[in-house]
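A.B. asks: Here's the letter readout for the chains.
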Amino acid sequence: MVDLSVKIGDITLQNPIQPASGAFSWEYNDVIDLNRLGALVAKTICREPRLGNPTPRMAETEAGIIQSIGLPGKGIEYFVDHIVPEYAKFKPPLVVSVNSETIEDFAALAEELSVPDVDVIEANISCPTRNQTGGNFAMHEDYTRDCITAIRAKTKKPLWVKLSPNAGDIVSIARAAEAAGADCLVIANTFLSLKIRTDNFRPALGNKFGGLVSPALKPIVLRMVYQVAKQVKIPIIGVGGVTKAEDVVEYMLAGASAVGIGYAGFRNPTALVQIIDDLEAWCDERGIKKVTELIGAVKDADMESDPLVAASVGV
Amino acid sequence: MALVTSNNYTNSALRTGDVDTYPERKVGEFIGTVVSNASVNDEYKHVVLKVHPQALKAYAGQMFHLLCPSPDGAEVWMRRPMSVYRVDRTNGQIEFLYKIEGRGTRGMALLEPGDDFNVAGPLGHGFTLDPSWKNIAVLGRGVGLATLAPLSQLAAENKVGVTAILSARNPGVVMSKKLFDELGARTMVVLDSDNSSAVENVEKILGDLIARRQADAFFTCGSNRLLKLMQRLGKKHAIPGQVAMEQIMVCGFGACYVCMRTFEVDGQKVLRRVCRDGPVFNMQEAVGW
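Which chain is which? The protein sequence lines are P and A, in order. To convert, note that position 68 of the first sequence is 68 in my numbering; the numbers rise steadily by one, no gaps. For my numbering, add 315 to where a residue sits in the second sequence, where the first one is 1.
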């Protein structure tokens with residue numbers, strides 16, 4: 001049977017399947033056995049208690065949903081005292097996502113969250129509805145470098161950095177994060193989007209803009225993972241449009257070491273566990289002994305560039 | 316359509332005869348089999364599903380999250396939350412009464428006997444009955460009556476008397492009267508078409524119930540106007556109440572914080588999740604339906 005375990009720096013995940021931040025909470029234990037997941041990823045925490053954005057917070061589009069939640073939460077103290085212990089009941093490593101509007105506070109938060117039951121700090125520097133100098137630092141190379149440098153100085157926990165697909169050149173930003181001390185890159189957050197209702201001419205979301213969540217993201221984010229993987233040495237977690245085991249395989253072939261899943265868990269609450277089982281079966285059918293064999297194993301080195309030759313050899 | 320029909324994608328959902336590998340679950344993802352899906356009138360249909368025994372834990376006021384078939388060939392991206400209309404434990408069936416309104420319910424209307432239908436649940440906190448209550452007053456309108464209807468089942472099991480006031484536009488769309496009647500509730504119909512549904516008249520009916528001590532608790536769903544009326548009378552006469560709320564919903568488990576509604580608790584406005592903190596709430600704390 002295939003060994004599904006993967007390493008992200010010093011952290012070993014029992015399999016490469018984890019929830020995406022924001023789409024998950026310990027309350028999913030009502031429907032799936034959380035001990036089966038590769039990691040547990042808490043919702044992004046901010047220092048202050050936050051109500052989040054005005055409703056409606058979700059709207060359906062032709063190609064997925066757009067949503068704008070606004071990082072609601074009860075603040076860091078409540079999180080450390082009440083939410084971390086809920087996650088600590090389960091075995092997989094706990095990844096804590098964090099966001100702030102200032103670099104100084106971001107670093108301070110990361111330090112305060114570096115408690116024993118937290119295994120990884122995920123710097124969510126890419127909340128799509130925040131601005132690039134206030135929480136959405138991943139829109140810009142310099143802001144990314146400054147922010148990650150500051151956080152790195154304040155925590156010894158593994159530091160994962162969640163990047164934005166809305167930045168012009170994600171490869172430069174990925175390199176800046178790596179140079180500043182990131183242990184892993186999470187690619188990517190949601191795509192900034194808008195829907196306007198034609199019945200009343202109003203934006204469909206209370207916050208106007210939202211992030212697109214959809215299987216349609218997969219080819220775009222896969223391209224980003226592929227491009228970044230060629231340019232960095234640290235591991236990558238691919239997040240965007242994974243709905244089945246073959247999507248996990250695709251991300252790993254492109255260079256990801258693991259994947260994060262959001263939408264599929266909304267669509268089918270048991271999807272995360274199903275995808276783990278399906279990935280195992282997929283590997284076993286092909287005699288793959290270790291899932292890590294797939295990482296970066298895309299066969300593209302010998303691709304024929306002459307169209308006349310390419311068209312003569314079939315697909 | 317592709318996602319719904321992909322075997323790889325949904326085969327961890329439990330079919331009727333499946334062994335549950337995670338029996339600790341409070342909520343399941345089930346593939347029910349459609350027994351019937353008949354029209355009740357021009358606007359409403361009633362679907363009956365044969366389901367796994369785990370789904371039969373549902374009680375009045377709880378919801379299922381329905382993965383509706385597409386009505387138009389394009390994807391229906393999100394599940395639709397719907398309160399359970401009836402739980403028939405003897406026959407292993409759950410039932411939903413629904414108004415054909417948006418894309419989800421238009422897709423549901425296409426289901427035929429024998430079809431698979433993926434439902435997740437039961438979700439949330441439903442209605443509760445205090446042992447000290449002898450008689451309750453139920454007031455609902457439109458599709459809200461489908462949510463209130465199983466209360467009659469719960470009340471009958473607990474030997475609590477029910478007076479149900481059913482509000483509707485016209486006699487053709489009065490929902491759930493038969494179910495209330497069958498379970499021994501006293502039903503009264505108020506209509507827009509003869510003005511009997513006016514708030515003043517409904518207030519008079521409730522006033523009579525209060526005077527005759529037939530309203531130990533209030534229950535409502537489906538109308539902001541009726542919620543406000545019951546809140547006012549409940550406050551004046553110290554009658555506790557419960558309201559079932561709805562909101563656009565995504566995960567159903569309390570994780571995504573999409574389905575928020577405003578409540579007022581001890582003078583403070585707070586947001587709560589309809590899916591997990593509700594969908595049934597303390598009537599006096601609800602700010603609007």
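Treat the hints with caution; some may be incorrect.
[To be verified] Taking lysine to aspartate or glutamate pairs in the DMTMM-like style, the calculated list, with each CA pair at most 25 Å apart, reads:
(1) P:K74 with A:E600
(2) A:K341 with A:D357
(3) A:K341 with P:E62
(4) P:K195 with A:E600
(5) P:K7 with P:E111
(6) A:K360 with P:E60
(7) A:K341 with P:E111
(8) A:K414 with P:E60
(9) P:K244 with A:E416
(10) A:K414 with P:D302
It should be emphasised that the hints constitute simulated quantities derived from the structure, not laboratory data.
A.B. asks: Indicate, hint by hint, whether the structure satisfies it.
C.D. replies: Verification of the hints:
no.: 1; hint: P:K74 with A:E600; verdict: holds (20 Å)
no.: 2; hint: A:K341 with A:D357; verdict: violated (36 Å)
no.: 3; hint: A:K341 with P:E62; verdict: violated (33 Å)
no.: 4; hint: P:K195 with A:E600; verdict: violated (32 Å)
no.: 5; hint: P:K7 with P:E111; verdict: holds (24 Å)
no.: 6; hint: A:K360 with P:E60; verdict: holds (24 Å)
no.: 7; hint: A:K341 with P:E111; verdict: violated (36 Å)
no.: 8; hint: A:K414 with P:E60; verdict: holds (20 Å)
no.: 9; hint: P:K244 with A:E416; verdict: violated (31 Å)
no.: 10; hint: A:K414 with P:D302; verdict: violated (58 Å)
Hint compliance for this structure: hints 2, 3, 4, 7, 9, 10 are broken, all remaining hints hold.
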